[in-house]
Amino acid sequence: MLVFIAKRLLWMIPSLFAVSFLAFVLIQLPPGDYVTTYIATLAASNEIVDQNTAAQLRERFGLDDPMLIQYFKWIWGILSRGDFGISFEWQQPVSDLIWERMALTLVLALATLIATWAIALPIGVYSAVRKYSIGDYFFTAFTFFGLAVPSFLLALVLMYVAAVEFGQDVGGLFSPQYENAPWSFAKMVDLFSHLWLPVIILAVSSTASLIRVMRANMLDELPKPYVTTARAKGLSEFRLLMKYPLMIALNPFISTIAWLLPNLISGSVVVAIVLNLPTAAPLLLQALMAQDMYLAGAFVLLICALTLIGSLISDILLALVDPRIRLE
Amino acid sequence: MPNEILSRGVTRRAVLGGMAGAAALSIAGRAFAADGEAPALAQLVKDGKLPPLAERLPKKPMVVTPFEKVGTYGGTLRRGLRGSSDHNGILRMVGNQSLVRWNLEFTAVQPNLAERWEVSDDATQFTFHLIEGVRWSDGHPFTADDVVFAIEDCVKNTELYSATPAQLAVAGKPVTVEKIDDYTVKFTFAAPNALYLENLATPLGQHPTLFPKHYCSQFLPKYNPNIEADAKNAGVTSWTELFRNRCGDIEIPTRWGNVVKPTLDPWVVKEPYVGGATRVVMTRNPYFWQVDTAGNQLPYIDEINFGISQDVESLMLNVISGKIDIQERHISVLANKPTLSQNMQKGDYRLLTLVPSASQQCQIYFNITHKDPAMRKMFADKSFRQALSIGINRQELIDIVYFGQSEPYQAGPRPTHPWYHEKYARQFTEYDADKAGAMLDQAGYKKGPDGFRVRPDGQKVFFSVDVIPTLYPDLVDALELVKTHWSQIGIDMKVNTIERALYYTRGDDNAHDAQVWPGPGGLDPMLDPRDFFAFHPQGSRYAIPWTLWYTSNGARGEEPPESQKKRMKLFDEARSTADLDKRGATMKQIFDIAAEEFETVGLCLAVGGFGIIRNNLRNVPEKQPDSWSWPNPGPSMPQQFTFTS
Numbered sequence: 001m002l003v004f005i006a007k008r009l010l011w012m013i014p015s016l017f018a019v020s021f022l023a024f025v026l027i028q029l030p031p032g033d034y035v036t037t038y039i040a041t042l043a044a045s046n047e048i049v050d051q052n053t054a055a056q057l058r059e060r061f062g063l064d065d066p067m068l069i070q071y072f073k074w075i076w077g078i079l080s081r082g083d084f085g086i087s088f089e090w091q092q093p094v095s096d097l098i099w100e101r102m103a104l105t106l107v108l109a110l111a112t113l114i115a116t117w118a119i120a121l122p123i124g125v126y127s128a129v130r131k132y133s134i135g136d137y138f139f140t141a142f143t144f145f146g147l148a149v150p151s152f153l154l155a156l157v158l159m160y161v162a163a164v165e166f167g168q169d170v171g172g173l174f175s176p177q178y179e180n181a182p183w184s185f186a187k188m189v190d191l192f193s194h195l196w197l198p199v200i201i202l203a204v205s206s207t208a209s210l211i212r213v214m215r216a217n218m219l220d221e222l223p224k225p226y227v228t229t230a231r232a233k234g235l236s237e238f239r240l241l242m243k244y245p246l247m248i249a250l251n252p253f254i255s256t257i258a259w260l261l262p263n264l265i266s267g268s269v270v271v272a273i274v275l276n277l278p279t280a281a282p283l284l285l286q287a288l289m290a291q292d293m294y295l296a297g298a299f300v301l302l303i304c305a306l307t308l309i310g311s312l313i314s315d316i317l318l319a320l321v322d323p324r325i326r327l328e
Numbered sequence: 329m330p331n332e333i334l335s336r337g338v339t340r341r342a343v344l345g346g347m348a349g350a351a352a353l354s355i356a357g358r359a360f361a362a363d364g365e366a367p368a369l370a371q372l373v374k375d376g377k378l379p380p381l382a383e384r385l386p387k388k389p390m391v392v393t394p395f396e397k398v399g400t401y402g403g404t405l406r407r408g409l410r411g412s413s414d415h416n417g418i419l420r421m422v423g424n425q426s427l428v429r430w431n432l433e434f435t436a437v438q439p440n441l442a443e444r445w446e447v448s449d450d451a452t453q454f455t456f457h458l459i460e461g462v463r464w465s466d467g468h469p470f471t472a473d474d475v476v477f478a479i480e481d482c483v484k485n486t487e488l489y490s491a492t493p494a495q496l497a498v499a500g501k502p503v504t505v506e507k508i509d510d511y512t513v514k515f516t517f518a519a520p521n522a523l524y525l526e527n528l529a530t531p532l533g534q535h536p537t538l539f540p541k542h543y544c545s546q547f548l549p550k551y552n553p554n555i556e557a558d559a560k561n562a563g564v565t566s567w568t569e570l571f572r573n574r575c576g577d578i579e580i581p582t583r584w585g586n587v588v589k590p591t592l593d594p595w596v597v598k599e600p601y602v603g604g605a606t607r608v609v610m611t612r613n614p615y616f617w618q619v620d621t622a623g624n625q626l627p628y629i630d631e632i633n634f635g636i637s638q639d640v641e642s643l644m645l646n647v648i649s650g651k652i653d654i655q656e657r658h659i660s661v662l663a664n665k666p667t668l669s670q671n672m673q674k675g676d677y678r679l680l681t682l683v684p685s686a687s688q689q690c691q692i693y694f695n696i697t698h699k700d701p702a703m704r705k706m707f708a709d710k711s712f713r714q715a716l717s718i719g720i721n722r723q724e725l726i727d728i729v730y731f732g733q734s735e736p737y738q739a740g741p742r743p744t745h746p747w748y749h750e751k752y753a754r755q756f757t758e759y760d761a762d763k764a765g766a767m768l769d770q771a772g773y774k775k776g777p778d779g780f781r782v783r784p785d786g787q788k789v790f791f792s793v794d795v796i797p798t799l800y801p802d803l804v805d806a807l808e809l810v811k812t813h814w815s816q817i818g819i820d821m822k823v824n825t826i827e828r829a830l831y832y833t834r835g836d837d838n839a840h841d842a843q844v845w846p847g848p849g850g851l852d853p854m855l856d857p858r859d860f861f862a863f864h865p866q867g868s869r870y871a872i873p874w875t876l877w878y879t880s881n882g883a884r885g886e887e888p889p890e891s892q893k894k895r896m897k898l899f900d901e902a903r904s905t906a907d908l909d910k911r912g913a914t915m916k917q918i919f920d921i922a923a924e925e926f927e928t929v930g931l932c933l934a935v936g937g938f939g940i941i942r943n944n945l946r947n948v949p950e951k952q953p954d955s956w957s958w959p960n961p962g963p964s965m966p967q968q969f970t971f972t973s
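If you read the sequences in order, they're chains A and B.
Numbering-wise, this note's numbering puts 81 at position 81 of the first sequence, and it's gapless, one number per residue.
So the number in this note's numbering is just where the residue sits in the second sequence, counting from 1, plus 328.
Hints were generated in silico from the structure; no laboratory data involved.
Model, not experiment: these values are computed from the prediction.
Where hints are given, some of them may not hold.
As the list claims (entries may be wrong) - Straight-line distance between alpha carbons at most 20 Å, and here's what the computed DMTMM-like set of lysine to aspartate or glutamate pairs gives:
#	chain 1	residue 1	chain 2	residue 2
1	A	Lys73	A	Glu59
2	B	Lys651	A	Glu237
3	B	Lys710	B	Asp785
4	B	Lys651	A	Glu179
5	A	Lys131	A	Glu237
6	B	Lys751	B	Asp785
7	B	Lys788	B	Glu924
8	B	Lys822	B	Asp700
9	B	Lys388	B	Glu460
10	B	Lys788	B	Glu758
11	B	Lys788	B	Glu886
12	B	Lys397	B	Glu887
13	B	Lys674	A	Asp83
14	A	Lys187	B	Asp900
15	B	Lys598	A	Asp220
16	B	Lys560	A	Asp83
17	B	Lys388	B	Asp375
18	A	Lys73	B	Asp769
19	B	Lys514	B	Glu487
20	B	Lys560	A	Asp96
21	B	Lys699	B	Glu924
22	B	Lys699	B	Asp510
23	B	Lys560	A	Glu165
24	A	Lys131	A	Glu221
25	B	Lys710	B	Asp769
26	B	Lys894	B	Glu924
27	B	Lys397	B	Asp630
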């Protein structure tokens with residue numbers, strides 16, 4: 001097991017290099033560069049940026065270097081000094097910008113994950129065991145509804161109702177007095193009192209699909225001979241369910257942990273923008289649009305690292321949970 | 329009605345209808361016993377943490393006549409910014425303290441930090457007399473030294489500004505600024521610069537009052553020999569970067585990212601605009617140098633809270649639920665008007681009318697200097713452009729896209745402007761598909777078997793028009809209608825919706841067939857004449873190579889035809905003419921030629937935007953010009969806005 005983990009960790013290094021390079025290339029692919037975007041922004045308010053100033057900006061940001069050189073400068077900065085570069089737009093070190101955003105993103109992602117599982121697992125098991133009951137039909141209908149409604153629309157509707165009908169303060173993750181305050185217990189409480197709305201919105205669609213997956217898996221397992229055997233031996237229905245069919249049905253849940261993190265970050269972009277959440281997603285989108293490549297690159301790199309770590313975790317968990325899987 | 333206002337170096341302009349007499353005028357130089365100050369500041373004085381009011385204000389502070397009534401202190405004004413790169417949203421509200429400023433009607437330049445000035449007869453020398461005793465927000469005196477430092481040491485430093493900003497250079501030479509005495513500075517230009525006072529009143533004219541010498545000099549090698557080491561310690565690569573980070577510039581986010589930089593603004597940064605910020609908070613400047621007519625120090629409002637919304641819809645929601653006090657930026661598109669009108673009671677706000685300073689809602693720029701010779705020949709054919717212009721059903725377009733709130737228009741100053749040019753504005757705006765077809769037949773573009781026209785070289789007439797949907801969604805709708813109108817006269821066009829950077833790259837490379845953009849110059853024809861001749865290297869999209877030729881004095885780009893060169897010469901002449909009648913006559917010649925050449929095709933007169941003001945926020949003019957040169961709402965002086973309880 002330890003050898004397996006060590007091997008996997010080693011493999012992550014070249015993977016990260018490959019991914020970071022690809023990310024860098026992709027960010028550079030659209031026409032123009034940060035300076036073009038900057039000029040476009042200024043020109044929208046009728047300012048003329050002369051060619052000298054543009055050339056000077058490009059030189060200052062090192063945009064005239066070939067892409068490979070820019071990439072190696074960037075990577076070398078990260079490896080040698082942990083320096084992710086400077087955000088062109090904000091003229092601030094990238095590392096100042098990303099950590100708090102990433103932390104809040106992880107909090108939101110984990111909360112959503114827990115909420116999703118807490119709703120999806122029991123309902124999935126219930127609707128498999130009570131197949132074609134009224135409850136099953138109810139949850140099935142709910143499932144399709146949840147899948148069909150785009151989460152940004154749900155966000156807008158909930159915000160409208162909360163703001164206009166109930167006069168609630170919506171949007172953001174903090175009350176105004178805590179927004180720029182240092183971390184404290186009161187701020188944590190404030191965070192959790194704001195977290196439920198985005199968590200519900202983000203959980204609805206993924207809950208729906210997970211219920212279907214859980215139900216189908218359980219239905220596969222339930223008629224199998226080992227279940228009949230166990231039942232014949234007098235095992236209680238609850239223990240019977242928990243012991244084997246559920247464990248096996250959990251397999252797809254665990255093996256998708258790796259995708260969950262990036263999915264929650266990229267899948268929540270629109271919701272985060274609509275709800276004005278201070279997570280990584282809006283900053284990443286803005287960085288991509290402005291071609292602020294070091295900032296965008298750092299985000300992509302971190303998300304990829306999270307994916308790799310996630311897949312390692314899911315492999316370890318699978319080995320622990322599913323008796324059919326062996327690492328040796 | 330047009331009201332000609334003549335003042336030193338000021339062009340005459342139309343008074344915007346309905347706004348006459350609504351100005352919050354200020355009179356400098358009146359001796360005044362200023363004695364009112366905000367309770368919080370009075371407390372600080374009592375505690376000995378702040379000098380008394382009399383020591384913070386100039387002896388003769390500038391007196392502002394409040395728009396409605398003398399206000400009361402207190403309150404936090406809430407306003408929205410959008411995502412990042414919205415630094416000009418702060419500039420418009422807070423940063424408007426230049427040497428001079430616009431009046432409310434956008435017709436005349438008025439005293440601000442300079443209480444008076446003299447201009448030499450040839451418009452090359454401008455002598456400004458600063459208000460004595462004005463202090464920066466840290467209490468340090470503001471004097472002629474600061475102005476000289478800002479221009480001579482900062483703006484003219486070639487490492488900081490590789491090219492002197494256009495406003496401060498004439499005939500390729502930068503301005504020279506000298507100190508006459510502590511409160512008098514003289515600006516000398518190499519050639520006449522009659523428009524300088526007007527330029528000085530625009531946001532880009534703020535350089536002379538932007539850099540406090542006692543603070544910013546520590547970031548210049550001339551004053552600080554250890555600057556390179558300081559830059560390294562601060563974690564930046566060069567001293568120029570450090571300077572920009574700490575002292576900012578007119579139009580960059582870092583201007584609002586440093587809480588210790590002294591300013592002359594009514595409010596100073598408390599929570600900075602930095603990457604990842606979710607809001608920006610500004611707090612009152614205890615040394616602000618203006619008072620109201622009752623002698624109370626301005627501003628009335630304690631704090632401004634700019635919430636940063638990533639999305640316009642959530643900003644709209646905040647407006648509707650009454651969580652924003654004044655907002656027009658980002659929400660002022662016509663499509664939002666029904667929603668905002670319906671919710672006036674619920675949100676407890678009234679509407680703010682914006683008078684557009686632009687001329688044209690949608691100008692179509694055919695690329696007359698196209699790289700493909702056949703396309704160039706087609707677009708350069710005047711009768712082709714004229715036929716396409718009368719092939720557009722403008723009334724239908726106005727009714728559908730702009731809710732009937734516009735009129736067919738080509739280009740040039742707006743109808744209320746004294747320089748309004750009837751022919752230039754109205755020619756070829758009548759819809760006549762038959763005549764358009766006949767004109768195209770005659771120009772050699774016969775209809776092919778599929779009903780679409782064919783060029784003389786046998787190729788089908790087809791071109792794309794670039795538009796940025798995220799920036800101007802209404803232009804996409806307008807173009808879709810134009811496409812159907814043109815298909816009826818046999819012209820095949822593609823509405824090419826592209827991203828903003830690509831739009832500019834295509835323009836810069838001269839790789840576009842045609843592009844659209846709102847046409848400026850409706851109320852400020854001298855400040856942005858990009859549609860009248862090839863003036864703007866990114867904006868005159870019908871002939872980018874000609875503009876390069878003009879701006880580089882013939883070194884780059886492509887030599888334009890005679891009619892363009894004549895207009896360029898005329899404009900240079902107008903720019904250096906102090907006499908307003910003569911200047912108007914010169915501009916009329918430019919409009920005459922532009923009307924004759926018919927280079928751009930306009931659709932309709934620019935439509936006014938609007939905004940909201942909460943009912944408890946008073947002293948706000950409910951009709952304001954909408955312009956970058958008059959950076960609304962700044963010139964209406966937010967420092968005299970006040971809340972009623």
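Hinted pair Lys822 of chain B and Asp700 of chain B, Cα distance within 20 Å: holds (18 Å)
Restraint check for Lys73 of chain A with Glu59 of chain A, where alpha carbons must lie at most 20 Å apart: holds (15 Å)
Hint consistency between Lys651 of chain B and Glu237 of chain A [alpha-carbon to alpha-carbon, up to 20 Å]: Violated, at about 55 Å.
Hint consistency between Lys388 of chain B and Glu460 of chain B [alpha-carbon to alpha-carbon, up to 20 Å]: holds (8 Å)
20 Å Cα cutoff - pair Lys388 of chain B, Asp375 of chain B: violated (26 Å)
Holds or violated: Lys131 of chain A to Glu221 of chain A, with C-alpha atoms at most 20 Å apart: holds (13 Å)
Given pair status - Asp83 of chain A, Lys560 of chain B, alpha carbons within 20 Å: Given pair Lys560 of chain B, Asp83 of chain A holds - Cα atoms ~14 Å apart, limit 20 Å.
Straight-line alpha-carbon gap Lys73 of chain A to Asp769 of chain B, limit 20 Å: Violated. Lys73 of chain A to Asp769 of chain B sits at ~60 Å, over the 20 Å cutoff.
Straight-line alpha-carbon gap Lys397 of chain B to Glu887 of chain B, limit 20 Å: violated (57 Å)
Pairwise hint evaluation, Asp83 of chain A against Lys674 of chain B, where the allowed Cα distance is 20 Å at most: violated (50 Å)
20 Å Cα cutoff - pair Lys699 of chain B, Asp510 of chain B: violated (56 Å)
Proposed proximity, Asp96 of chain A with Lys560 of chain B (alpha carbon, max 20 Å): holds (17 Å)
Taken one by one, the earlier hints fail for this structure at numbers 2, 6, 7, 10, 11, 12, 13, 14, 15, 17, 18, 19, 21, 22 and 23, listed in ascending order.
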